[in-house]
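Read off the chains here:
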Amino acid sequence: MEYLGIVFQEVYKILFLLVPVLVSVAMIVWLDRRVWAFVQKRQGPNVVGPFGLLQSLADALKYIFKEIIIPSSSNKVIFILAPIVTMTLALIAWAVIPFSATQVLADINVGILYLFAVSSLGVYGIIMGGWASNSKYPFLGAIRSAAQMVSYEVSIGVIIINVLLCVGSLNLNDIVIAQQNMWFVIPLFPMFVIFFISALAETNRPPFDLPEAEAELVAGYQTEYSGMMYAMFWLGEYANILLMCAMGAILFLGGWMSPIDVYPFTLVPGAIWLILKILLLFILFALVKAIVPRYRYDQLMRLGWKVFLPLSLIWVVLTASYLFYFNLLPVN
Amino acid sequence: MIAHAIFFYTFSIIAVVSAIMVTASKNTVHSVFFLILDFISISCLFIMIGAEFLGMIMLIVYVGAVAVLFLFVVMMLNVAQQKNQWFAGQSTSKHIPVGLIISTLIFFEIIIVIGGWKYKPEIFDINNSLANTSVSNTHSLGQILYTDYIHVFQISGMILLVAMIGAIVLTFRQRSGVKRQSYIKQISRERAEGVEVLEVQSNKGVKIDD
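Protein sequences appear in the order of chains G and E.
So for the first sequence, our numbering puts the first residue at 1; every next one is plus one.
So for the second sequence, our numbering puts the first residue at 1; every next one is plus one.
Treat the hints as calculated values from the structure; they're not laboratory data.
Please read these numbers as outputs of a predicted model, since none were measured by experiment.
Some hints here could point you the wrong way.
Claimed, not checked - Short, incomplete list of chain G residues facing chain E, as computed with Cβ under 8 Å: (1) ILE108; (2) VAL110; (3) ALA117; (4) ILE127; (5) TRP131.
All C-beta atoms in this analysis are idealised placements derived from N, C-alpha and C, irrespective of residue type, glycine included.
Start from the sequences and build out the full structure, keeping to the hints where you can.
Okay, structure coming up:
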């Protein structure tokens, strides 16, 4: 019986984390469309609910009541699994995100590696969806996305090494606490910029949305999907974007730490600061979507392999030698 | 402890069944998916015995990178067609001797490892004592890898680098007559060199250089 109690407690905690994440994913879709519209001097969704806030809920309701069409020549098991994989992977990563020093579902030693591993698994949902559709456009989209995500993961990994050199621990809470005196965005600013751009590419956001480039590939890997399955791809994608923003906030913007360590700011709970930082990064994501044209595929690959990878590797050497020379290496 | 056992047996059953399915399934893409499932359950087993760093690295390297490339290649190849050419007219018994040799080798390796545990139990004790220290997994791995085994570590890195360069050299081919788009050239074009206004005489035409 005691055992069941522990299980229920954990389930309660997980629900307490997942429900806000799902609701905020719906809200973030609205915010994305709204920012996009404002940049183009349009109104955006403003009819359903106050300021159009309930637009995403209306959309979700529409998706739920639509028929799910499974192409007859598709590989049915993998076709159905693909959106589930995308959604699950986007949600399980939130288990290690610290909302304050104590508010974290799983405070594991290798938190940042877990985040990196889960985000690198995200490519499978897309490949599975593209291949199982048994259709040309989805397959092309899936192959593009596989190549793109694998390339940009490399530079994200090297950027994470930069931060880890300064922290000396793989635990996410330790990473946040190490930024008590100075956020890593100041000494590692070039890395922050590269991380931001790589995160755009990793989540298939414009200007790197080649896997679903609507002008060439209809909708890429999502072409054959409909109804709730399409909505799950959609939700998974936005949950991934939020996750990347959270990762950026934790690695570079001090996570749940308040910007300045003085009295009125420290009263605000850490979760609020983290959410504000995530929102800031997300608005940047949305602005980039509105103002930058789509990249050509060879330019995308060139940027990943010939610019970002060497730059971040050089920065690793610089950081390591600086820390070593001034005896600042975090040794315990 | 019961929960531990339940998880252990679940993951190991998934690992073994999916390993069998890798070779048994007819569709090559399905085999790769089973291979991925196998990797994931093995990394779960790693995490269960406390080797969290190894488990995560397994996920990142094998599932996140190697298996993606596998899947990539398998999807691009038209395997069904090739299989027909490969096996047409050949009896499958040709592959049996090679398979037998390899499987006996692996069998004896496993025997040696398990025998080592059986007859030298102190090896097992050392492993246990290491796992109980307060130093985290990552720290202890780093302390061993970058001090005692630094040369082995560097040599393995060099071997991987050489293999990578070799693969690039083998697949690299310079094609002639291909127009290349130079990024720098495209940006640094000015109007003066890009546009030319010509007087076109009737019935003469203009020669445009390509």
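(message) Please list, smallest to largest, the hint numbers that this structure does not respect.
(response) none
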